[in-house]
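Starting from the structure of chain A, add chain B where the hints point.
Chains as they are written, first to last, in my numbering: chain A, -15 to 137; chain B, 82 to 165.
Straight line, CA to CA, 20 Å or less: simulated EDC-like cross-link-like pairs of lysine to aspartate or glutamate:
hint, chain 1, residue 1, chain 2, residue 2
1, A, LYS107, B, GLU94
2, B, LYS100, B, ASP154
3, B, LYS100, A, GLU33
4, A, LYS51, A, GLU92
5, A, LYS107, A, ASP25
6, A, LYS107, A, GLU33
FYI, nobody ran anything at the bench for these hints, they're computed from the structure.
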Amino acid sequence: MEVRVQEADFDVGVETRALSAGRTDIGAVSTFLGLVRGASDGVQCMTLEHYPGMTEQSLAEIVAEAKQRWSLLAVRVIHRVGPLQPGAQIVFVGVASAHRGEAIAACEFIMDFLKTRAPFWKKEQTPEGSRWVDARDTDDTAAARWLDVESRR
Amino acid sequence: MNLTILYFASLRESLGMAKEAVVLPADVGNVGALRTHLSARGETWQRLAPGHNVRAAVNQHMAADEQVLAAGDEVAFFPPVTGG
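Same shape as in the complex, but just chain A (with noise of 0.2 Å):
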């Protein structure tokens, strides 16, 4: 599956691969790991909510922006929900395409869009309590950049 929203760990070299399994047509495949931050912010543990149904068609629809926008040749996003500990893998984007320029620009595209658009929502549990992350102002500027490169084409 191109996109997939689960409880379950994964396993970076596993997804990594499958992208150019059995293929000869790929020259690139570029990757991200978003990780949860802990100690330093005080953060004990984190909670994704998402909106089972639109979360996963949310993240279909960036995976086919991109395919637009750029030559790919696989695409795959997986995004943990539940309770996470800090250190724990939260969500792996990778990319596959015959050469570095599309793999690393789609690879980043995914992951702005992701962070303005996908609908998951992250609680901390902190030593003063429980609370819900705001919204970066800088997430929707670097989205928004995105807009400006098309515009340049």
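Frame of chain A, contents of chain B only:
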């Protein structure tokens, strides 16, 4: 008009509700009107009023206030997303 409304994350917690079925008056025809209608329920519902930082989706697609509603729609309200 019958609708299902879902609430997520901090909004779900402050409203104390994850899902409800509503029957709307005839003059509530779009997302913006629904926000105004719901925010009239009381103080904890004020976050839904138009202009507040709460996003809406209709049938699992992000929706602006102008989006027209139809019977049977699944509407969701939630804070800005924070995944990744």
